[in-house]
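Sequence lines, in order, name chains A and B. Under my numbering, the residues of the first sequence are numbered 15 to 345, in order. Under my numbering, the residues of the second sequence are numbered 15 to 345, in order.
To be clear, the hints were calculated from the coordinates, so they are not data collected in a lab. Heads up, a few of these hints could be off.
To be verified - Below 20 Å or equal to it, Euclidean Cα-Cα: the simulated SDA-like pairs (lysine to any residue) are:
1) B:LYS323 <-> B:ASP258
2) B:LYS16 <-> A:GLU223
3) A:LYS343 <-> B:GLU330
4) B:LYS16 <-> B:HIS303
5) B:LYS16 <-> A:GLY220
6) B:LYS343 <-> A:PRO335
7) B:LYS343 <-> A:ALA334
8) A:LYS343 <-> B:ASP258
9) A:LYS343 <-> B:ARG342
10) A:LYS343 <-> B:HIS303
11) A:LYS16 <-> B:ASP221
12) A:LYS16 <-> B:GLN237
13) A:LYS343 <-> B:HIS337
14) B:LYS343 <-> A:GLY38
15) A:LYS323 <-> A:ASP258
16) B:LYS343 <-> A:ASP333
17) A:LYS16 <-> A:ALA91
18) B:LYS16 <-> A:LYS343
19) A:LYS16 <-> A:LEU219
Said to hold, decoys possible - Facing chain A, according to a computed beta carbon distance under 7 Å, are these residues of chain B, among others:
20) ALA29
21) LEU35
22) ASP39
23) GLY235
24) ARG236
25) PRO278
26) LEU279
27) TYR286
28) LEU312
29) ARG342
30) LYS343
Said to hold, decoys possible - Listed next, the stretches of chain A that the computed footprint assigns to chain B, with coverage defined by at least 3 CB atoms under 8 Å from CB atoms of chain B:
31) 16-28
32) 95-105
33) 270-278
34) 318-326
Even glycine gets a Cβ: it sits at the ideal position worked out from N, Cα and C.
There are 2 protein chains.
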Amino acid sequence: MKKLINDPEHVVTEALEGMALAHGDLLRVHHDPDYIVRADAPVEGKVAILSGGGSGHEPMHGGFVGHGMLDGACPGAVFTSPTPDQVQAATEAIDGGAGVLHIVKNYTGDVANFEMAAELAEDANVRSVVINDDVAVEDSLYTAGRRGVGGTVLAEKICGAAAERGDDLDAVADLCERVNANVRSMGMALTSCTVPHAGEPTFELGDDEMEIGIGIHGEPGRQRMSLEPADQITGRLLTPIVEDLPFSEGDRMLLFVNGMGGTPLIELYIVYRAAVTLLRDRGITVERHLVGDWITSLEMAGMSLTLLKLDDEMIELWDAPVHTAAMRKGM
Amino acid sequence: MKKLINDPEHVVTEALEGMALAHGDLLRVHHDPDYIVRADAPVEGKVAILSGGGSGHEPMHGGFVGHGMLDGACPGAVFTSPTPDQVQAATEAIDGGAGVLHIVKNYTGDVANFEMAAELAEDANVRSVVINDDVAVEDSLYTAGRRGVGGTVLAEKICGAAAERGDDLDAVADLCERVNANVRSMGMALTSCTVPHAGEPTFELGDDEMEIGIGIHGEPGRQRMSLEPADQITGRLLTPIVEDLPFSEGDRMLLFVNGMGGTPLIELYIVYRAAVTLLRDRGITVERHLVGDWITSLEMAGMSLTLLKLDDEMIELWDAPVHTAAMRKGM
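Excised from the complex, chain A in its bound form (with noise of 0.2 Å):
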């Protein structure tokens, strides 16, 4: 295992100093237990948002707290669900008295630790959303229904513009109900990635093969084939996501194409000329974008593909102001 690490068990305590020597400025880091808040949490009046999940998919959630996103980030062990008592800790340090949206990623672990810090989490008004907009498989391993991938990326920041502008707890959470309806993602491996604790890769790819489908965690997907030029794989993955809303002509879309952590950017904007040239095939059209790592899977080799089917009001969120360490725009 070749990693720029110390100990893997002081990978995610670590890298949560290192955040906090960088962002002073945007987030407060609590240790025992592991949480990240916006330095002016709690904000009075405000909507808090608290996301969270394994560590290992970074810039997720981390990267995405502050003005216009989230409120607070519960990063467990890498690739783990975070404990019931970080989520409960976290909700009460953002709870600014106007309630707070758990944004959840639908695996088992998370779901099952969410409710239970909201139960614990007495004082705090809380409404939880979970995010399920993988298309790939239904039931798979550590998730009953679709898995919560890409889409989570784009909820957060139309949700924290909502919060933000001063949406009361049922726009918000309605609106993240709102996006998750709307959104449809779907990945794929060239490579594992390893995680630190196991010293092994995850799975094992031969030279030539690919995994489409693939999960976050390195879950199987739909099949495992031989590697096929770029234009291929990405029509791979964007059919089975138009046609499961369906997408369709006149749709306006919000196209995120997503690096798993160790593709190179040149290849993710071979994927994006390529989704974009399908896309207007079928009348469809390309209002917004997101190109880049955002949700990873350590240093996996791969891309997923996310579409977002806008509306006005997502339109106008999503071009908000933001400030995190790993967005921002308009301040």
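Given chain A, put chain B in place with the hints provided.
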């Protein structure tokens, strides 16, 4: 070779097409010869800044084209210098009558081709600054003298802000020389990368080996040795950097922890933590930072450290608004 590409011959062209599709509000892409200019180029009366070099280091340089940074970028083939005609055409396309600054990384081909282009672009008033911040080696493969690496990113941001506020060509070029005189870098690799045309890894490293002082094209560094904990590796890079300028107690610093492309962000924050701690022990304060993949070597796993000794003007220019595909703040 596992890559999300269609054909090694088309990697750069297709990625440029993807960039044009994604960032039409920020930049325009010209093909044959290939170059990128900001959408509003030429900006009348503003000093224009051009950079470029081999592709494969994304987001550098194309991701830095826009308000407050570069007016143009010339991407060569992967790890190959742009041709004189590319550089000439881009120089002419961005010249707004106030002169053009070429920011050139110190590689023999880059230096020669930018120099020839400056002569060919007869009507443009061109000054060139060569960045040579890599302390790892003196002459090396492709280079007479020190290589230009991470300092280039910082020079482009700072000089871009100076040009944007209206400084004249000599002022912007002199500032660029000052940044270069005060910046030092060194990198290391855990793995090689694979150039699409070559189809095979540029070099081989054993399962427990790393290369200290690696170049951004996989050029040999100072030594190949057994893998160590991140804190020790950080010290191995930081000590020669600090002692080279030398940086000393009381200095105010910009600390740049750069991922080579295949390194998870969580690891870069572990390195950042280590570097801040080591600098504090020397009485050196980190006033500004940059953490992430900014000057990469395709999918290479590894990182580089860059230290820039700041003065008040550099801080003001570092903090100034910028809006490019890869770097954005204040707008």
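Hints, verified against the model:
Taking the CA atoms of LYS323 (chain B) and ASP258 (chain B), the gap is near 12 Å; set against the 20 Å cutoff, the hint holds. Simply put, LYS16 (chain B) and GLU223 (chain A) have alpha-carbon atoms about 9 Å apart, close enough for the 20 Å limit, and the pair holds. Straight-line distance between C-alpha atoms of LYS343 (chain A) and GLU330 (chain B) comes to about 19 Å, which keeps the hinted pair within the 20 Å bound. Between LYS16 (chain B) and HIS303 (chain B) the alpha-carbon distance is near 33 Å, which puts this suggested pair outside the 20 Å criterion.
The straight-line distance between the Cα atoms of LYS16 (chain B) and GLY220 (chain A) is roughly 10 Å, inside the 20 Å bound, and the hint therefore holds. Restraint check for LYS343 (chain B) and PRO335 (chain A): satisfied, since their Cα atoms lie roughly 10 Å apart, inside the 20 Å limit. Proposed proximity of LYS343 (chain B) and ALA334 (chain A) is supported: the alpha carbons are some 13 Å apart, at most 20 Å. Taking the CA atoms of LYS343 (chain A) and ASP258 (chain B), the gap is near 37 Å; set against the 20 Å cutoff, the hint is violated.
With a CA separation close to 6 Å, the supplied pair LYS343 (chain A) and ARG342 (chain B) stays within the 20 Å bound. Restraint check: the Cα-Cα separation between LYS343 (chain A) and HIS303 (chain B) comes to about 18 Å, which is no more than 20 Å; the hinted pair holds. Using a Cα cut-off of 20 Å, the hinted pair LYS16 (chain A) and ASP221 (chain B) holds, with the two alpha carbons roughly 8 Å apart. For a cut-off of 20 Å, the pair hint linking LYS16 (chain A) to GLN237 (chain B) stands: about 17 Å separates their Cα positions.
For a cut-off of 20 Å, the pair hint linking LYS343 (chain A) to HIS337 (chain B) stands: about 8 Å separates their Cα positions. With a C-alpha separation of about 17 Å, the suggested pairing of LYS343 (chain B) with GLY38 (chain A) holds against the 20 Å cut-off. A C-alpha spacing of about 12 Å is found between LYS323 (chain A) and ASP258 (chain A), which places the hinted pair at or below 20 Å, so the restraint holds. Restraint check for LYS343 (chain B) and ASP333 (chain A): satisfied, since their Cα atoms lie roughly 14 Å apart, inside the 20 Å limit.
Using a Cα cut-off of 20 Å, the hinted pair LYS16 (chain A) and ALA91 (chain A) holds, with the two alpha carbons roughly 19 Å apart. For the hint linking LYS16 (chain B) to LYS343 (chain A), the alpha-carbon distance of about 34 Å lies beyond 20 Å, and the restraint is violated. Taking the CA atoms of LYS16 (chain A) and LEU219 (chain A), the gap is near 18 Å; set against the 20 Å cutoff, the hint holds. A least Cβ separation of about 4 Å between ALA29 (chain B) and chain A falls short of the 7 Å threshold, and the interface hint therefore holds.
Because the smallest distance between the Cβ of LEU35 (chain B) and any Cβ of chain A comes to about 5 Å, under 7 Å, the interface hint for this residue holds. Hint status for ASP39 (chain B): violated, given a least beta-carbon distance of 11 Å to chain A, over 7 Å. With a cut of 7 Å, the hint placing GLY235 (chain B) at the interface with chain A is violated, because the nearest CB-to-CB distance is about 16 Å. At its closest, the beta carbon of ARG236 (chain B) sits 18 Å from a beta carbon of chain A; the interface hint therefore is violated under the 7 Å criterion.
Taken as an interface hint, PRO278 (chain B) checks out: its beta carbon lies about 5 Å from the nearest beta carbon of chain A, inside 7 Å. Taking 7 Å as the C-beta cut-off, the interface hint given for LEU279 (chain B) holds, the closest approach to chain A being about 4 Å. For TYR286 (chain B), the interface hint holds, since its Cβ comes within 7 Å of a Cβ in chain A; the closest pair sits about 4 Å apart. With 7 Å as the threshold, the beta carbon of LEU312 (chain B) comes within range of chain A, its nearest partner Cβ sitting at about 5 Å, so the hint holds.
Annotation: interface hint on ARG342 (chain B) holds; nearest CB of chain A at approximately 5 Å, less than 7 Å. The criterion of a C-beta within 7 Å of any C-beta in chain A is met by LYS343 (chain B), whose closest approach is roughly 6 Å, and the hint holds. Check result for the region 16-28 of chain A against chain B: holds, 9 residues qualifying (beta carbon to beta carbon below 8 Å, three or more required). Check on the region 95-105 of chain A: 0 of its residues sit with their Cβ under 8 Å from a Cβ of chain B, so the three-residue criterion for coverage is violated.
Residues of the region 270-278 of chain A lying with their CB closer than 8 Å to a CB of chain B number 4, which satisfies the three-residue condition for coverage. Coverage of the region 318-326 of chain A by chain B is violated [criterion: at least 3 residues with CB-CB distance below 8 Å; count 0].
Comparing the model with each earlier hint shows violations of hints 4, 8, 18, 22, 23, 24, 32, 34; every other hint is respected.
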